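Student: So the chains spell out like this:
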Amino acid sequence: MKNRLKVLRAMRNWSQAELAVHLDVSRQAVNAIETGKHDPSLPLAFKLARLFEMPIEEIFDDQS
Amino acid sequence: MTNPDANMPNADLDMATPTNVPSMALLVALIAATVLTTAFGAGVVTGFTDAGGGDSPTVLAAIYAVWIAIVGGFALSAARVWLKRANGSKEPLSRSTRRSRSLMYVLVAFSAVIGMFLAYFAPEGTSLLSDGPIPAYPALILIMLWLVGGPIVTILWWRMTDEHDRASYVDGANIAGHAYLFITPGWWVATRAGLLPEQNPMVLLLIVAVIWSAVWFYRRYS
Numbered sequence: 001m002k003n004r005l006k007v008l009r010a011m012r013n014w015s016q017a018e019l020a021v022h023l024d025v026s027r028q029a030v031n032a033i034e035t036g037k038h039d040p041s042l043p044l045a046f047k048l049a050r051l052f053e054m055p056i057e058e059i060f061d062d063q064s
Numbered sequence: 001m002t003n004p005d006a007n008m009p010n011a012d013l014d015m016a017t018p019t020n021v022p023s024m025a026l027l028v029a030l031i032a033a034t035v036l037t038t039a040f041g042a043g044v045v046t047g048f049t050d051a052g053g054g055d056s057p058t059v060l061a062a063i064y065a066v067w068i069a070i071v072g073g074f075a076l077s078a079a080r081v082w083l084k085r086a087n088g089s090k091e092p093l094s095r096s097t098r099r100s101r102s103l104m105y106v107l108v109a110f111s112a113v114i115g116m117f118l119a120y121f122a123p124e125g126t127s128l129l130s131d132g133p134i135p136a137y138p139a140l141i142l143i144m145l146w147l148v149g150g151p152i153v154t155i156l157w158w159r160m161t162d163e164h165d166r167a168s169y170v171d172g173a174n175i176a177g178h179a180y181l182f183i184t185p186g187w188w189v190a191t192r193a194g195l196l197p198e199q200n201p202m203v204l205l206l207i208v209a210v211i212w213s214a215v216w217f218y219r220r221y222s
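Listed in order, the protein sequences are those of chains R and X. According to UniProt numbering, the stretch in the first sequence is residues 1 to 64, in order. According to UniProt numbering, the stretch in the second sequence is residues 1 to 222, in order.
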């Protein structure tokens with residue numbers, strides 16, 4: 001699934017490892033989500049939405 | 001949706017490991033080289049001794065020296081790469097990552113203890129994974145370690161690792177389970193036809209474990 005995670009992370013000047021600490025996952029998990037290799041669970045998607053203060057559908061795009 | 005990465009200078013802050021830190025692939029290759037050269041050297045020494053080479057202690061000592069030098073070289077290189085990765089990356093780790101890594105180190109130590117235990121009680125002249133008899137007391141201790149310690153460590157790891165790691169583990173289990181499903185009856189039929197020796201459960205376990213680990217590793221780190 002495509003997503004804007006990399007952009008949102010870059011806007012905050014966070015590395016993948018720093019975002020991983022915020023989400024309590026591994027850096028590999030953040031990388032896998034960013035590259036579309038792993039679709040996050042609903043709880044993790046909500047965690048991301050709260051962290052970036054925007055709705056889930058503005059972070060993830062299931063249409064493309 | 002337009003390309004959101006356009007004009008984002010900081011989008012590549014991360015990626016994999018920082019470039020000045022040795023890669024995980026190098027570390028895995030060095031560890032594999034250490035294990036393989038250890039096994040290869042053991043085979044050479046055994047073959048040389050069986051062929052009567054024990055009568056030439058100087059040659060045997062030279063073989064041992066070369067073997068130890070090669071294995072030691074690979075092991076030291078692996079240790080240096082591991083230390084460089086540990087000290088050089090300096091990346092922050094999440095709580096779940098720290099905990100699951102610590103548990104993995106405990107598991108490696110736990111496995112080493114079981115291996116040493118088996119090696120100590122293995123009948124003379126047999127290998128670590130032989131089917132030879134062992135005394136009942138150490139066998140009972142090993143069974144308890146495996147049947148009680150194994151599930152406890154697995155449950156703890158499952159609870160403390162993150163969902164991506166769990167998904168990688170499940171993918172590995174799925175493919176390894178299917179490998180077992182296809183290999184076992186194939187081997188069984190081949191044995192009945194006299195094409196293969198009797199099934200060995202530990203060989204099957206090893207095949208399943210290797211496939212499971214390889215898939216987990218690929219999904220986790222690719």
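Treat the hints as calculated values from the structure; they're not laboratory data. Given the structure is predicted, the values throughout are model-derived calculations rather than measurements. For every residue, glycine included, the Cβ atom is placed at its ideal position computed from N, Cα and C. Treat the hints with care, as some may be off.
Derived list of chain R stretches under chain X, where covered just means 3 residues or more per stretch with a C-beta under 8 Å from a C-beta of chain X [stated by the list, open to error]:
id : stretch
1  : 31-42
2  : 48-62
Just the calculated beta-carbon pair ranges, DEER-fashion [as the list claims (entries may be wrong)]:
id : chain 1 : residue 1 : chain 2 : residue 2 : range
3  : R       : N13       : X       : V45       : 52 to 60 Å
4  : R       : L51       : X       : A42       : 46 to 54 Å
5  : R       : T35       : X       : V106      : 25 to 33 Å
Student: Hint by hint, say whether it matches the structure.
Tutor: Hint by hint, here is what the structure shows:
no.: 1; hint: 31-42; verdict: holds (count 7)
no.: 2; hint: 48-62; verdict: violated (count 1)
no.: 3; hint: N13(R) <-> V45(X): 52 to 60 Å; verdict: holds (56 Å)
no.: 4; hint: L51(R) <-> A42(X): 46 to 54 Å; verdict: holds (52 Å)
no.: 5; hint: T35(R) <-> V106(X): 25 to 33 Å; verdict: holds (31 Å)
Violation of the numbered hints given earlier is confined to hint 2; every other hint is satisfied by the structure.
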